[in-house]
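Guided by the hints, dock chain B onto chain A, whose structure is given.
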Amino acid sequence: MDRHGRAQAVVVISPVRRWWALWLRISWPPADLNPLLKRTLVRLAFIHVAHWALVDKVPARGSRSGARRLPHPYLLFQSNFNDDLAAYIDAFALIVPWRMRLMWHGAYGFPGPAVVDRFLQYVLSNATPVQHYYCAYPDGSSRMIGQALELSERHATFARLADGVGDAEFTDAWDRFVEENQLLL
Amino acid sequence: MSGIGAASLTVVAPVRADAGASEALLAALERLGDGDAGPFARVPGTHFGRFAFIPALTGTRGEALESEGSFLLMCADFDSTQAAWTAALCERAGDQVDSVMGFCDGFPGSGDLAGVANYFLAHNVPPGFTVAGYRRIRVEEVREALRLQRALGELAVRAQAEGLSGVDLRDAWREAVGRGAVGGGAVGGGAVGG
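From first to last, the protein sequence lines are chains A and B. Residue 1426 is where the first sequence ends in the working numbering, and the numbering goes up by one at each step. Residue 359 is where the second sequence ends in the working numbering, and the numbering goes up by one at each step.
Just chain A, with the same shape it has in the complex (with noise of 0.2 Å):
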């Protein structure tokens, strides 16, 4: 069961060629770190958190003599979202092509964004099932949630000014706040 309420759960495992993992080892740490190379996606709001991992070994920190090789690095993507998958995929190869081939351009087989289609063949072909899956805010997508986050900042001020003013004045207080985060409720 790939789906708890409105969160969804994928699993994405795609061989990469050495030279790749290579580079996503060297290239993750600052990308990871500047949030101008997430702004899109997380402005895409549906996406509550992905992470993208490499596993070489098995397992994966052990040590060189305990551990044991797999054949190829492998890209290990998992994302906990809402909508659908393939409305998910779409957005990816639509809005942030260039990021889709940063993370999957030397994985084998992989296609490009530039033909959806394809692109999405490619992830549903490489994507494992999900037999157990948890969500512990179920009702609530990406979206709901951060919206939500901010109308709790606002309303903490609201609150503050609330607790000092007549009644007369909690009316219009109220009304102002009502107004300007409509929004958001």
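Take these hints with a grain of salt, some might be off.
As the list claims (entries may be wrong) - Label pairs and their in silico Cβ distance ranges:
| hint | chain 1 | residue 1 | chain 2 | residue 2 | range |
| --- | --- | --- | --- | --- | --- |
| 1 | A | GLY1307 | B | ALA192 | 49 to 57 Å |
| 2 | B | GLY280 | A | GLY1405 | 23 to 31 Å |
| 3 | B | ALA279 | A | ASP1416 | 53 to 61 Å |
| 4 | A | GLY1405 | B | ARG301 | 29 to 37 Å |
| 5 | B | GLY224 | A | ILE1336 | 30 to 38 Å |
| 6 | A | PRO1338 | B | GLY276 | 46 to 54 Å |
| 7 | B | ALA279 | A | ALA1414 | 27 to 35 Å |
| 8 | B | ASP260 | A | ARG1302 | 20 to 28 Å |
Think of the hints as simulated: they come from the structure by calculation, not from any bench. Note that beta-carbon positions come from the ideal geometry of N, C-alpha and C, so glycine has one too.
This is chain B only, laid out in the frame that chain A set:
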């Protein structure tokens, strides 16, 4: 970066090669039921958790590499440290964890807390790149923010429909938001230690 929680785990564990182990593991995963019935729901502060059975890795042409064996993937994002979360998982959901992780090579069993912590640490694949949809925040704060949003939305509709104002409006607002939400809209706690 860990994302919305304080930490995450992505455990890739090889499944035992015994005859029938994969089928039995799939049946055990099925028995975990839906999200609310499973082990991750029992550990406070868990944002997301999943188990995925990987029957075989793939090769360069998409062919299944059955000689490499099969794997169980366990992923979770949570509000505590890996050690604290692992201990809570074993203590609160040890039976369910054993029912699936018990099919993995070398898994020591939830009764051995230090052994499980070492096992998860050794098999953890740390994320290299993470995209988080919102800021780092505790599970209970997300739930409280959603509850507050719902309550304020309902109050806005009710206040307009009933023409509430003055003391009636203030009383309705206090009732809607509750004491815990006033002044912050968030409550603490709810995570295991760390």
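So which of the earlier hints does this model not fit? 1, 2 and 7
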